[in-house]
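Novice: Line order of the protein sequences matches chains G and C. Residue numbers for the first sequence follow this note's numbering, so the first one is 1 and each next one is one higher. Residue numbers for the second sequence follow this note's numbering, so the first one is 1 and each next one is one higher.
No lab work stands behind these hints, which were simulated from the structure alone. Any given hint could turn out to be false.
Here are the simulated DSSO-like pairs of lysine-lysine, each with C-alpha atoms no more than 30 Å apart in a straight line [stated by the list, open to error]:
(1) G:Lys115 with C:Lys191
(2) C:Lys161 with G:Lys44
(3) C:Lys161 with G:Lys87
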Amino acid sequence: MGAGVSALAADAQRGFPLRPGLDDVPESCISSIFMCLDPPEICKLASLNRAFRGASLADFVWETKLPSNYRYLVKKVLGQSPETLSKKETYARLCCPNRFDGGSKEVWLDKHSGKLCLAVSAKALKITGIDDRRYWNHIPTEESRFQTVAYLQQIWWFEVVGELDFEFPPGAYSLFFRLQLGKSSKRFGRRVCTLDQVHGWNIKPVRFQLSTSNGQQAASECYLYEPGNWVHYHVGDFVIENSNSPAKIKFSMMQIDCTHTKGGLCVDSVLIYPSEFRLRLK
Amino acid sequence: MSSSNNSGKVLKLKSKDNQIFEVEESVAIQSELIKNVVEAGCDIGVIPLLTVHSKTLRNVIEWCQKHVDYVEENDSGSNEEEIKNWESEICEEGNNNGSDDEETKNWESEENNNGSDEEEAKNWESEGNNDGSNKEEVENWEWEENNDGSDEEELENWESKFVDVDKDSLYALLLAADYLSIDSLLERVIKQVADVIKQCRSVEEVRQTFGIKSDFTPEEEEEIREEISWID
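So that you can see chain G by itself, here it is in the shape it has in the complex:
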């Protein structure tokens, strides 16, 4: 009995705890625990104690959370050299929406999964007749992440085309047009939507298309619906196998039946999300 008890007592004297706790776990183990948790959880746990905070800064933890092409993203989107930031800081910075290409596009990582999302402003789209104020106007609005949307009064030939050159992390993505029938504004602090110019969308459907430089294609047809609310119209999906080279994505929507005019439409942006997020947009 003597040897065992005195050893324990000696331990206690030296400051070793009698009962081990998570406080005593080496930082490397805590970092390994963090590998199993998602980034917001890791950040919150950093406030537990110094060991947890230290472990939460470990580059090897954040490297597993970042998309595989994060170096490209840091250069293209943050305009910095990847070496200047810790991996945690890189993750945090990439999770905030970052504008690029002259402010006409925005990209961000979903903070839980680290997956990439991208938005293309109406200003970056080629809209037939955009310069003719009889047809189209740019109107400021806080309902767009770009603070501006393209508004269509009326036109026969409705065609909007866009193109994107970007290195996506491998995965499956879905492309949407964010549109609203009707023009919304704030009156006395309340949201008001003017629908009197909305017409022509129930005669023929709008045709949406997308294609990629490696031969993928998708198309869908849809009658625009739900006046007064923003709707994400799903164009189709594409898959990126590896991100060593930029993917060129082309997308469009058209309604060019010139027997009738159509109008009263707000075009905000094109959105690209990981396909598993589709349900969030319903």
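On the provided structure of chain G, position chain C as indicated by the hints.
Specialist: Chain C only, in chain G's frame:
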């Protein structure tokens, strides 16, 4: 089931509280620490594990034994070859009607052709030529030997039960697995701790569950609050 094809060398491990455990080498070297000691080649009497209590060491040894047994039972490489050989043997016997008939005839003519011999011959014929049951046997055997799916599942269930313990035992396992460098155990315990953390609804609950005290100054706490503001 204990292993049958190792040299049978046994190591002596001494826990923190001076208990001696005799463990087969193949089991003990699941620990990288012990493996290094063995490979260093010194003639060690007893390996002292200064930070591992006997209660924990007993569990750790059980883990290592289970994993050694699992690997041996599921050595699928040799299984596949064995099956192929066995299949071709069985099919030759069962389906080679020509030579069976011949053999039977030869045997019949050799032996005295009395009643019991004829009966035996008939029984042997039906056994040897009964393709139906041979195929079934092969299929059953294949299913048993190669049903990796359920074996893996069984191991996973065993592992889950193993780590489903109170917090103190969990830490002890974590520290022991780290100290002894047993990757499989470390990985599973870490996952368990992460799962417990995920079930906590707030950081405070994690703090209480694991008894973690803050050692930050108020200034540091403010810093941290700012650092993590981006996640909201």
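Novice: Indicate, hint by hint, whether the structure satisfies it.
Specialist: Evaluated hints:
no.: 1; hint: G:Lys115 with C:Lys191; result: holds (23 Å)
no.: 2; hint: C:Lys161 with G:Lys44; result: holds (29 Å)
no.: 3; hint: C:Lys161 with G:Lys87; result: violated (36 Å)
Of the numbered hints stated above, the single one contradicted by the structure is hint 3.
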